[in-house]
Amino acid sequence: MNYDIVEKLKRDIAGFKASTEFEAVGRVVEASDGIARVSGLNEALSQELILIETEKGDIPAVAFNLEQGFIGSVILGESDGVRTGDRVKSTGKVLSVLVGDQVIGRVLSALGEPIDGKGVVFENPAEASSYTFEKAAPSVLSRESVRTPLHTGVKSVDAMIPIGRGQRELIIGDRQTGKTAIALDTILNQKKESGKSKVICIYVAIGQKSSKIAKIVKMLEDNGAMDYTIVVSASASDPAALQYLAPFAGCAIGEYFRDKGQDALVIYDDLSKHADAYRQLSLLLRRPPGREAYPGDIFYLHARLLERAAKLDKAGGGGSLTALPIIETKLGDVSAYVPTNVISITDGQIYLESSLFFRGVRPAINVGLSVSRVGSAAQTKAMKKVAGKLRLDLAQFRELQAFLQFASDLDEATKQKIKRGELLTEILKQVDGAPMNFERQVLVLYAALNGFLDDLTPLEVKDFEKKFVDYMESLHIDDVMNPIVTTGAIGDETELKLKSAIQDFKNLNK
Amino acid sequence: MRYSPELYARSLYESLGDLLDPKLIIKNFWLTVKKNGDESRIDNIVRLFESLVVKNSGGKVIQIETARPISVSMEGKIKKLFGNKDIIQKKVNSKLVAGIRIEIDNEKELDFSLAAKFRKMFSKTV
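For the protein sequence lines, the chains are A and B, in the order given.
Per the working numbering, residue 1 is the first one in the first sequence, and the count goes up by one each step.
Per the working numbering, residue 1001 is the first one in the second sequence, and the count goes up by one each step.
Only chain A is shown next, with the shape it has when bound in the complex (with noise of 0.2 Å):
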């Protein structure tokens, strides 16, 4: 037995003192689907939380529609045990999570609860900080402009759709494309990132397989990423409730770490499933459906979410908080109306195509509809130096490929047109769960950009690239790769020996 535990509740009991006083109270008039309607309680708050008296235990839940004489709430957890004519009663409080730095490594449920089986997460509760899942967003005022990259480690978004700490990029594509590899090749980097603060990765998994989400934690602690990841589930077998309110807790999260000065990254996968889960919630609560059944407030819904991520000023602290949503489609239909809504709620979009994936080019980004509309002023100098041409080659290499067919009838130029854009299809393709540092990116982009891998057959590629990478980091890592990652920059003196060392490395393995 534990004697202290006994000791503390012997000296609670001894020290308790019960004040009784006129508390508001309501009754269950209407319980179904895990939407209950309440009499009484007139005080109640929008979003506050109100405890259900039940014969399993109090069960709380969430004041939504104030009408007259009734409130609409939504059952937090089982519905099972509410009855109609079970007592309700106001807490005061609206919804909010715990947080301080101990959740990070923790995997947490919508209402913050740890569900990872490692125990409470704060011993002590007065050392969190309360965070309420709705928040003002921060003020025009109060931001800055997005000037610090965020390196993904996937080369063709780091150079030709960077992404800036504070920005808001939507990856968006139809089913199995790989969304959700591209946002955990994003929290995957963050371990290598050197020079710059680290980032505090939030994925927030939103009804999703369990399965799921179990492959993507363990993925993440075998690559040693839950040291600064928390992960927010609420899978497929959560109620919608918990569901709808998963990306709140995560952005709640998120601001804390913001607010306390750090950098931080949420991923919300996916808003379409968390869309739906709002769909319901608000059919359920009677309230009127709009186009495809949504709500009216839908936009609102993901508007005010992604607004919340923002880079803040020195007098804010100067923290950021970066959001990956992510969106699914139902074949590649970009024009529905959650994925409309959310393109033009973020400040650009990755977009990937399952021809693409099937095509073998993976990850499948479809780089002439893909934009960030920010991130280029966060981009480092060194890999918008290296990747300026790379839209415009692969643009040019995209319009000449219906050429393709008739190799032999082209001009030279046309075929080396082809062959550089073929080259740098190969280069970007990368296989998932294996990021690249920027300084590393930047030395194969180089080399592929300036002509040095023209001699070679597209099968030769990624042999090259490995081999020349090997060679730079055992070689080269002084006179040209910690430059690149210190002055964010290649200088005409690392040119030169970033050439000279590309043409050495070629005449080895000649």
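Far from chain A by the CB rule (all over 10 Å, computed), these chain B residues: (1) N1036; (2) E1039; (3) L1052; (4) N1056; (5) S1057; (6) G1058; (7) K1060; (8) I1062; (9) K1079; (10) Q1089.
If the Cβ cut is set under 8 Å, some of the chain A residues that face chain B in the computed set are: (11) I13; (12) F22; (13) G40.
It is worth saying that the hints were derived from the structure and are not from the lab.
Ideal placement from N, C-alpha and C gives every residue a C-beta, glycine not left out.
Given the structure of chain A, go ahead and fit chain B onto it with the hints provided.
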């Protein structure tokens, strides 16, 4: 459509205010409730009707819950605490363990039960 107990209570209250034969109205009301298959909800309807009558006459509905039946002398003492227009409903609820819970107009309550004290203590220590 299934009618809520509140709607039944309000319609009964308003019908009785129309100066028609009260006996006939109550009989017809019961037949309507039966026809709609809502007999099981009659206790709730009556409770709400009672509340409406008391509220509209300027009184309060006081519900007193105790763990065991209260004595006549205790009941007298409690009645003295409230006005003539107020109505007192008694209820025995063994889940209170001991003590008393007073609910006013189904909106506010004073909970002096031991169960509530246990609950508060538990939520403070854990």
